[in-house]
Amino acid sequence: MNTGIGMLLSNTAGYERLFDLDFQLLSDSLLTIIAVFVLFLILSYNLFNPARKILEDRKNKIQNDIATAQNDKDAALAMKEEYEGKLKDVDKEVEQILSEARKKAMDNENKIIAEARKEAAAIIERANVEAQLEKQKVVDEVKQEMVAIASLMAGKVVSANIDTEIQDSLINETLKEIGDSTWLS
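Going by the numbering used here, the first residue of the sequence shown is number 959, and it counts up by one from there.
Because the hints were derived from the structure by calculation, they are not lab data. Hints may be right or wrong, so weigh each one.
[Claimed, not checked] The list that follows gives simulated cross-link-like pairs (lysine-lysine, DSS-like), each with its CA atoms no further than 27 Å apart:
1. LYS1093 x LYS1114
2. LYS1038 x LYS1061
3. LYS1019 x LYS1031
4. LYS1031 x LYS1017
5. LYS1044 x LYS1061
6. LYS1076 x LYS1062
7. LYS1076 x LYS1093
8. LYS1062 x LYS1046
[Unchecked claim] Derived CB-CB ranges, DEER-like:
9. ILE1124 x GLU1099: 26 to 32 Å
10. ASN1029 x VAL1052: 32 to 38 Å
11. ALA1036 x GLU1058: 30 to 36 Å
12. LEU983 x GLU1014: 57 to 63 Å
13. GLU1099 x LYS1076: 31 to 37 Å
14. ASN1029 x ILE1000: 41 to 47 Å
15. GLU1039 x ASN1068: 42 to 48 Å
Just so you know, these numbers come straight off a predicted model, no measurement behind them. For each residue, glycine too, the CB sits at the ideal point set by N, CA and C.
Start from the sequences, fold in the hints, and give me the full structure.
Below you can see the structure in the form of structure tokens.
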């Protein structure tokens, strides 16, 4: 067993310089650092840069969306103000149109009333003229009847052999009895 323990001891004697800085340890460490750095560069180029680019693109898209939303909001507010202004103008136009319509209606009403008054005056005037004509016609008819009556009386008087003076006096007397008021009413 001596040989097994001796070997073990001889192996331990070789491990004394385990953490000593020798050239092999430095070269391995340097190669490991270079490998990690190269791996980092490769990963950075293949993995981190695309991820950063995606994140940057997303950030830019979100900023653009926010800017677009703000612009849309500003445009909507401007449109709202414009439409409110137009609504106020429309209300004013409606009032103006209604006012003009009322004015035209009043003008038409006054025109119709004036025409109706003219027409009524014309109708009254025609009625007065017709009444005057009818009155004159009646007066003429009464006079004709009086003449007929007077002629009849004259015929009776002549048949009674009365002289002209008596006949004139009878006609005047008859006319006085009938009078002007009889045929005027």
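Against the structure, the hints come out as follows:
1. LYS1093 x LYS1114: Roughly 31 Å between the alpha carbons, so the hint for LYS1093 and LYS1114 is violated.
2. LYS1038 x LYS1061: violated (34 Å)
3. LYS1019 x LYS1031: holds (18 Å)
4. LYS1031 x LYS1017: holds (21 Å)
5. LYS1044 x LYS1061: Holds, because 25 Å separates the two Cα atoms, which is no more than 27 Å.
6. LYS1076 x LYS1062: Holds. LYS1076 to LYS1062 sits at ~21 Å (cutoff 27 Å).
7. LYS1076 x LYS1093: holds (25 Å)
8. LYS1062 x LYS1046: holds (24 Å)
9. ILE1124 x GLU1099: 26 to 32 Å: Holds, at about 28 Å.
10. ASN1029 x VAL1052: 32 to 38 Å: holds (34 Å)
11. ALA1036 x GLU1058: 30 to 36 Å: For GLU1058 against ALA1036, whose Cβ atoms are near 32 Å apart, the range 30 to 36 Å holds.
12. LEU983 x GLU1014: 57 to 63 Å: violated (42 Å)
13. GLU1099 x LYS1076: 31 to 37 Å: Given a distance of about 34 Å, which is inside 31 to 37 Å, the answer is holds.
14. ASN1029 x ILE1000: 41 to 47 Å: Taking Cβ atoms as reference, ASN1029 and ILE1000 lie about 43 Å apart, which means the hint holds.
15. GLU1039 x ASN1068: 42 to 48 Å: Since GLU1039 and ASN1068 have Cβ atoms about 43 Å apart, the given range 42 to 48 Å holds.
Checked against the numbered hints above, the structure breaks hints 1, 2 and 12 and satisfies the rest.
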